Amino acid sequence: MSQPAVDMQNLVKTFGGGRSLFGRAASEVHAVRGISLTLQRGETLGIVGESGSGKSTLARMLVGLEHPTSGSMAIEGKPWSELASSGTRAFGRAIQYVFQDPVASLNPRKTIGDILDVPLRLLCGYDRDRRARRKQELVDAVQMPLDTLERYPHEFSGGQAQRIAIARALAAEARILVLDEPVSALDVSVQAQVLLLLQQLRDELGLSYLFISHDLAVVESISDRVAVMYLGEVVETGPAARLFAAPQHDYTRALIASAPRLTVSDSPP
Amino acid sequence: MTPSVTTQPSPNRRRSNWQLLMANRLAAAGLFIFGFILLVAILAPVLPMPDPNMTDQPNRLLPPLSQGHLLGTDHLGRDILSRLVWGTQISLIVGISATALAALFGSLIGLVAGYARGVTDSVLMRFVDMLMAFPYILLAIAIVAALGPGLLNALYAIALVNIPFFARNIRGVTVSIRNREFVDAARLSGKSHASILFTEVLPNVLPVIVITMSTTVGWMILETAGLSFLGLGAQPPTADLGSMLGQARAQLFTAPHASIIPGIMIFALVMSINLLGDGIRDVLDPRLRSGALDRPLSVTHIARQTTPAATLADAPVLVVDHLFTGFANGGAVTPAVRDVSFRLGKGECLGIIGESGSGKSVTALSLMGLVASPPGVITSGAVYIGGQDVLSLREHELIALRGARVAYVFQDPLTTLHPLFPVATQIAEAVMAHNQVSKRAAHQRALELMETVGIRDAADRASAYPHELSGGQRQRIGIAMALANDPDVIIADEPTTALDVTVQARILELLQDLRRERGLALLLITHDFGVVAQVCDRVAVMKNGEIVEQGETASILRAPQHDYTKRLIACVPELGEGHAFLDRVRPLFEETRL
Numbered sequence: 001m002s003q004p005a006v007d008m009q010n011l012v013k014t015f016g017g018g019r020s021l022f023g024r025a026a027s028e029v030h031a032v033r034g035i036s037l038t039l040q041r042g043e044t045l046g047i048v049g050e051s052g053s054g055k056s057t058l059a060r061m062l063v064g065l066e067h068p069t070s071g072s073m074a075i076e077g078k079p080w081s082e083l084a085s086s087g088t089r090a091f092g093r094a095i096q097y098v099f100q101d102p103v104a105s106l107n108p109r110k111t112i113g114d115i116l117d118v119p120l121r122l123l124c125g126y127d128r129d130r131r132a133r134r135k136q137e138l139v140d141a142v143q144m145p146l147d148t149l150e151r152y153p154h155e156f157s158g159g160q161a162q163r164i165a166i167a168r169a170l171a172a173e174a175r176i177l178v179l180d181e182p183v184s185a186l187d188v189s190v191q192a193q194v195l196l197l198l199q200q201l202r203d204e205l206g207l208s209y210l211f212i213s214h215d216l217a218v219v220e221s222i223s224d225r226v227a228v229m230y231l232g233e234v235v236e237t238g239p240a241a242r243l244f245a246a247p248q249h250d251y252t253r254a255l256i257a258s259a260p261r262l263t264v265s266d267s268p269p
Numbered sequence: 001m002t003p004s005v006t007t008q009p010s011p012n013r014r015r016s017n018w019q020l021l022m023a024n025r026l027a028a029a030g031l032f033i034f035g036f037i038l039l040v041a042i043l044a045p046v047l048p049m050p051d052p053n054m055t056d057q058p059n060r061l062l063p064p065l066s067q068g069h070l071l072g073t074d075h076l077g078r079d080i081l082s083r084l085v086w087g088t089q090i091s092l093i094v095g096i097s098a099t100a101l102a103a104l105f106g107s108l109i110g111l112v113a114g115y116a117r118g119v120t121d122s123v124l125m126r127f128v129d130m131l132m133a134f135p136y137i138l139l140a141i142a143i144v145a146a147l148g149p150g151l152l153n154a155l156y157a158i159a160l161v162n163i164p165f166f167a168r169n170i171r172g173v174t175v176s177i178r179n180r181e182f183v184d185a186a187r188l189s190g191k192s193h194a195s196i197l198f199t200e201v202l203p204n205v206l207p208v209i210v211i212t213m214s215t216t217v218g219w220m221i222l223e224t225a226g227l228s229f230l231g232l233g234a235q236p237p238t239a240d241l242g243s244m245l246g247q248a249r250a251q252l253f254t255a256p257h258a259s260i261i262p263g264i265m266i267f268a269l270v271m272s273i274n275l276l277g278d279g280i281r282d283v284l285d286p287r288l289r290s291g292a293l294d295r296p297l298s299v300t301h302i303a304r305q306t307t308p309a310a311t312l313a314d315a316p317v318l319v320v321d322h323l324f325t326g327f328a329n330g331g332a333v334t335p336a337v338r339d340v341s342f343r344l345g346k347g348e349c350l351g352i353i354g355e356s357g358s359g360k361s362v363t364a365l366s367l368m369g370l371v372a373s374p375p376g377v378i379t380s381g382a383v384y385i386g387g388q389d390v391l392s393l394r395e396h397e398l399i400a401l402r403g404a405r406v407a408y409v410f411q412d413p414l415t416t417l418h419p420l421f422p423v424a425t426q427i428a429e430a431v432m433a434h435n436q437v438s439k440r441a442a443h444q445r446a447l448e449l450m451e452t453v454g455i456r457d458a459a460d461r462a463s464a465y466p467h468e469l470s471g472g473q474r475q476r477i478g479i480a481m482a483l484a485n486d487p488d489v490i491i492a493d494e495p496t497t498a499l500d501v502t503v504q505a506r507i508l509e510l511l512q513d514l515r516r517e518r519g520l521a522l523l524l525i526t527h528d529f530g531v532v533a534q535v536c537d538r539v540a541v542m543k544n545g546e547i548v549e550q551g552e553t554a555s556i557l558r559a560p561q562h563d564y565t566k567r568l569i570a571c572v573p574e575l576g577e578g579h580a581f582l583d584r585v586r587p588l589f590e591e592t593r594l
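Here the protein sequences come in this chain order: A and B. For the first sequence, this note's numbering assigns the number 1 to the initial residue and increments by one for each residue that follows. For the second sequence, this note's numbering assigns the number 1 to the initial residue and increments by one for each residue that follows.
FYI, nobody ran anything at the bench for these hints, they're computed from the structure. There may be inaccurate statements among the hints.
[Claimed, not checked] Heads up, incomplete: computed chain B residues facing chain A, CB under 8 Å, no partners named:
1) P203
2) L230
3) E355
4) D493
5) T497
6) D500
7) D528
8) R538
9) L568
10) C571
11) V585
[What the hints assert, rightly or not] Now the in silico label distances, taken between C-beta atoms and shown as ranges:
12) A:A257 - B:D129: 49 to 57 Å
13) B:T120 - A:Q9: 30 to 38 Å
14) A:D147 - B:R304: 39 to 47 Å
15) A:P145 - B:I399: 47 to 55 Å
[Unchecked claim] Not close to chain B: a few residues of chain A, all C-beta gaps over 12 Å, as computed:
16) N10
17) V12
18) F15
19) G71
20) G77
21) P79
22) S81
23) D147
24) A169
25) R175
26) D187
27) H214
Given the structure is predicted, the values throughout are model-derived calculations rather than measurements. Every residue, glycine too, gets a C-beta built ideally from N, C-alpha and C.
Whole structure, please, built from the sequences with the hints as guidance.
The structure is reproduced here in structure tokens:
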């Protein structure tokens, strides 16, 4: 068996700290405190946590947008520091990121064609004809009409924009996708459609997902394994079905108890 | 150098921008005056005019309308009209070139400083601060003194002096754009920093640069004239508006026309450019175009064809009867809420559920006439609070009802609470808005309310500012403000959407307790079936502005009748369902795609 897609050991990220101009120590924020996780190939690892639990910081470190304070990471066997020293392109080819707010992650002054062109040109190095063909394939893969390429981001709804953002992530031909709350800003029916699309793409292209969300039911529906984050630490990891059926940690239990459910039979109003 | 800088955006963009600019009469007047001056200045070499530098001592200081000299002559007998036209040309060239230079370097500094941040930002901006710390005219004089007088040096001086203005403006915009997600996304697509700065950030900053340029050209021309007036700019015999003024100063009393005419020209030029610049800014600034900065009316415009009964006997606390609300769009009204009717009794909770754009929030805002007008308009229907139609009330009576009998709780308390006042002061303000009580009594009441909504150590937290509280606590303050005047109805618009699930559970509990204890009627707007299941007695499902289904929560969740409701409920993943969820919903979307 090959090495895992992502391997994190004792990852720490601290914001702030250091000393200001006049020697006062600035306050520190410990966003991520010593996380060790592995993402196997072809696997979907769900990360659940509330705001401030450090899950977005973790994701941003993975794709090279933040530098870890200490600890080590390897992406497809390559050490993080090696990728970082060879620039963002090395990251982009190995791992891609899908943002929470799809509309904000698309430049309002560029057409979808221009947006998709960049990773194909810079990361894959394709020539013009191949790029044009590939763009059509991508738009097709995320089930969008072909005239999408000539249009601007504001002409699309949230769900469509998220499909385009997924297409951009796919364009780099990275095998690992970090999905940071990809369906949180969407309506339920659109959310279900995007989840279906993600599942289909994973199975067809053999992708590995790191799926971050605050919504337990959404995470459970797509993940193989789930890690629960609380105040910068992973308090519990396990197969999705086991974790939600028999939570071990108190925080996981509290999270599950708080989740709103459709069934009203438990407590009479 | 083509002086097309100021007019460029109008023909360049879509026709609608041109029409917008023409609709602004002052801007259109500015455009025509400036266009005329520009045309005459460009045509200076071909117009049949005497040489502007030819002296004619016998005919010095002729008054306007003299033979052969339409505007008279100056103290050396030179034709004023000719000097005016040539002088305007030079003033325009210098002013516009200086603007272009200042915009180029200022924007570059602003872009780099705003994008790089850190040390680069500090060094560049301190340099800009140093430029700003000098009085501009002194700095310009110092530069000209060092380089020697002359038009070109005056141009450099003016450009340098105006760099800070561009740098600061552009840096601010760049900082906000740099933090947007699409910049991160571009980095992950493999773009270098320079490429991101010029192909991703710059296009979004460009409108601001154009706006800043169009509003500074006038100022630059004025500064050029100022330096020439002091003898530091254009050197004799070159004609320039400022130097014409300066040279005519000595004859101000014997031949006032020699200084008044260039003065009027400077005024007309600067005024027309400023009017045009303001017009361009209004056209390019999307906030101004959307009317978001217009002040809305205090009550939504009500235009009902028929007036329903003003009172309703034996009515529950809230009755909404065939309500229609729309948004005026030119002549037509686009409906957002169509024929919505529901009733809400004391101590009852009705949930309105729907996806984005279903009209649920507009419904909530219509009840108290809070839909922004323009463009909002209530076209039909009635809203009875305690049997009284509030849409028939006079404006001040309706406003008096807000917060007193019907109170709102909004989604994000961070945006609805004032950031600069302590929370207890804001609750006390809500108390005093409807009750004639002393400040001390209102403050006391605020503390009681904070305890009611479950804020521990209310006395300590009273002086906290909104940003010092957590999201859940802020929402509790929002609820305390809603409770300030013992309302009958609370309308909660997505009150827990911005909160974590554990906090959401506690806020929903609080709303439930308040409803039971105080007999409040609660109208809960949400997109989350889980929240509805937990809190609401009845639920109304909205789609495209209409209620498609309404009934007991339990029965609707168990056996939805309408296809839309069925589909919506089917799309909600249940905890414990796992991968089965996706298998279950897949057929739903395969049908629709065929």
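Each hint, compared with the structure:
no.: 1; hint: P203; result: 4 Å, holds
no.: 2; hint: L230; result: 41 Å, violated
no.: 3; hint: E355; result: 4 Å, holds
no.: 4; hint: D493; result: 16 Å, violated
no.: 5; hint: T497; result: 10 Å, violated
no.: 6; hint: D500; result: 4 Å, holds
no.: 7; hint: D528; result: 6 Å, holds
no.: 8; hint: R538; result: 10 Å, violated
no.: 9; hint: L568; result: 6 Å, holds
no.: 10; hint: C571; result: 4 Å, holds
no.: 11; hint: V585; result: 5 Å, holds
no.: 12; hint: A:A257 - B:D129: 49 to 57 Å; result: 55 Å, holds
no.: 13; hint: B:T120 - A:Q9: 30 to 38 Å; result: 34 Å, holds
no.: 14; hint: A:D147 - B:R304: 39 to 47 Å; result: 42 Å, holds
no.: 15; hint: A:P145 - B:I399: 47 to 55 Å; result: 48 Å, holds
no.: 16; hint: N10; result: 25 Å, holds
no.: 17; hint: V12; result: 22 Å, holds
no.: 18; hint: F15; result: 15 Å, holds
no.: 19; hint: G71; result: 21 Å, holds
no.: 20; hint: G77; result: 20 Å, holds
no.: 21; hint: P79; result: 19 Å, holds
no.: 22; hint: S81; result: 18 Å, holds
no.: 23; hint: D147; result: 18 Å, holds
no.: 24; hint: A169; result: 8 Å, violated
no.: 25; hint: R175; result: 15 Å, holds
no.: 26; hint: D187; result: 4 Å, violated
no.: 27; hint: H214; result: 7 Å, violated
When held up to the earlier numbered hints, the structure conflicts with 2, 4, 5, 8, 24, 26 and 27 and fits the remainder.
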